[in-house]
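Colleague: Given only the sequences and the hints, what does the whole structure look like? Please build it.
From first to last, the protein sequence lines stand for chains A and B.
Note that UniProt numbering has the first sequence beginning at 1, numbered continuously upward.
Note that UniProt numbering has the second sequence beginning at 1, numbered continuously upward.
It cannot be assumed that every hint is accurate.
Stated by the list, open to error - Derived list of chain B stretches under chain A, where covered just means 3 residues or more per stretch with a C-beta under 8 Å from a C-beta of chain A: (1) 102–112; (2) 119–126; (3) 191–203; (4) 238–249.
Derived from the structure by calculation, the hints contain no laboratory data.
Every residue gets a Cβ at the ideal spot worked out from N, C-alpha and C, and that includes glycine.
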Amino acid sequence: MSARRLPRWAVTLLTTLVTLVVLLAGWQLAITLTDVSPYLTKTPLDVWNYLFVDGAFDPASAAERRAELLPMIGVTLFHAGVGLAFGVSLGLVGAVVMSVSRTVRATFLPIALVLQTVPLIAMAPVVYAVFGSGVVTAAVIAGVVTFFPLLMNVGAGLGAAGGDTVDLVRAYGGGRLRLLFSVQLPSALPYLFAGLKIAAPATVSAATLYEFLFSFEGLGANLLTSKSYSDYGLLWTLVATTIALALAAYGLVVLLERLVLAGRFPPESALARRGDSR
Amino acid sequence: MQTRRSALAPALLGLGGLLVILVVWQLVAVFAFTRPNGSYGAVPPPLAAFERVAADLVDPAYWAGIGATAGAALTGYLIAIAVALALGVLVLLLPRLEAFATQLGVVAACVPVAAISPIVVLLSPPGSRAVSVVLALLAVEFPMIIGVLLGLRATTPGQLDLVHAYGGGTLTAIRKVRIIAAIPALLSALKIGAPAAFLGAMTGEFFAVGVDSGAGRLLISQQYAGDFVGMWAIAILATAVSALGYGVIALAARWLAPWTAHSSTGGLR
Chain A
1 MSARRLPRWA VTLLTTLVTL VVLLAGWQLA ITLTDVSPYL TKTPLDVWNY LFVDGAFDPA
61 SAAERRAELL PMIGVTLFHA GVGLAFGVSL GLVGAVVMSV SRTVRATFLP IALVLQTVPL
121 IAMAPVVYAV FGSGVVTAAV IAGVVTFFPL LMNVGAGLGA AGGDTVDLVR AYGGGRLRLL
181 FSVQLPSALP YLFAGLKIAA PATVSAATLY EFLFSFEGLG ANLLTSKSYS DYGLLWTLVA
241 TTIALALAAY GLVVLLERLV LAGRFPPESA LARRGDSR
Chain B
1 MQTRRSALAP ALLGLGGLLV ILVVWQLVAV FAFTRPNGSY GAVPPPLAAF ERVAADLVDP
61 AYWAGIGATA GAALTGYLIA IAVALALGVL VLLLPRLEAF ATQLGVVAAC VPVAAISPIV
121 VLLSPPGSRA VSVVLALLAV EFPMIIGVLL GLRATTPGQL DLVHAYGGGT LTAIRKVRII
181 AAIPALLSAL KIGAPAAFLG AMTGEFFAVG VDSGAGRLLI SQQYAGDFVG MWAIAILATA
241 VSALGYGVIA LAARWLAPWT AHSSTGGLR
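Modeller: In structure tokens:
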């Protein structure tokens, strides 16, 4: 270890950059070193050309191609955002209700554990049959993948308030609500972010899956159509964009976590270690 | 008596919860989703769905389909284990790579299936189950990497000092201490991964071209036919197969490494 240690955020940023470079280089090399068809497969450089270099693909102007891409991203972000809001609110309410009432918890927690293993791909057609094509179906499908991580993580967080703090609130005559708002919810914050780290990229994935299966708009649907029109420049650009969007959602949660939790809680590693020993 | 009652109460409440769900399911099915002519809509009543599950279970086509999907899932699962172990060896040699290994896992977990599937289909021959294998691999990779890394960290410095004090080298330490200390975390990752792999493989069949058997394919054909009872039956079957995968590994773990049976509460998440 060097004597002058970099701050934690710098280490994270550096590792992220290294990971991205390794993945992009791996993608580029896998295609240039093997004899796969350059018509079917595009490299990261091709995607760059598609987005920013005039004349490389059809339509000729790169600005025009970007202008076609933006509304697709907008639609997917809308679907994912509505689903995330829907799933997070339900998950929070569910976790609080289960924390307040032990009966509700014992009644529905086992079922929630079983229900979260029901395959999304198996339920999606049923959701579609019930709600039809539209933002409601997108929200339900994206909400399902958000709800369970939030319910489980925030539920664990509400139960993680220290016994001393709980006793303190009781000793000063605080009631159930006071305990919830002053102790339990703040102490559940790190768990909320742990849940969001799983949920945020998953909603992007679920939203594009919905679009792919049932809709004619958004990144997911265009992934399908660009492939059937053999527009491989667009296809690979959409693939890169969709993956980048999911990774950005994850990164955004990490950033928010750092900003919100800075200085309020022991460092994440200390928290994780305490969790291990239990 | 007191302790027995308190142990029994949650089980009873859990059973009550199941009953509530079944009753609500039945009411929704009958009052909201039964057509005027008496046939079932998008939500069939539970009994009809379970009757169909029973009928499916004696149909050899279903066994063949589930077997085909499970085969692809197993392939992806094994590749994911191999990759995670290879990364583990790298981290063992170069501890600084740990953050990099974690991030590779995060990327695998974040990649949207609708994005990766079209290009896998594009690059694989028609009739190939490569999409199913890749989706199973991606679904399992993150828990596997985390399991391997947690396993590597499970050895306490004291245990290593003991090996070194008795003249053991790094290899002896790996062989006698580190591998054994890593087993609980590895097993819990293997358990979490089993259901995820099956669901990943099933999802892959929605994208595959020229593949006409598998649990996902059965679901698609029932979707085209508008056979909602059949769709619910497949969903129930898929959940059961996933749960079975988890259970088989949990049993194998108990048999192979009995001392992990009590420490496996981490399997919940």
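Colleague: Now look at each hint and say whether the structure bears it out.
Modeller: Right, here's what the structure says about each hint:
Counting residues of the segment 102–112 of chain B whose CB lies closer than 8 Å to any CB of chain A gives 8, which reaches the minimum of 3, so the coverage claim holds. Figure legend: the segment 119–126 of chain B, annotated as covered by chain A; annotation consistent (4 residues with Cβ-Cβ distances under 8 Å, at least 3 required). Remark: the segment 191–203 of chain B is confirmed as covered by chain A, as 4 of its residues place a Cβ nearer than 8 Å to a Cβ of that chain, reaching the required three. Chain A is given as covering the segment 238–249 of chain B, and this holds because 4 residues of the stretch bring a CB closer than 8 Å to a CB of that chain, at least three being needed.
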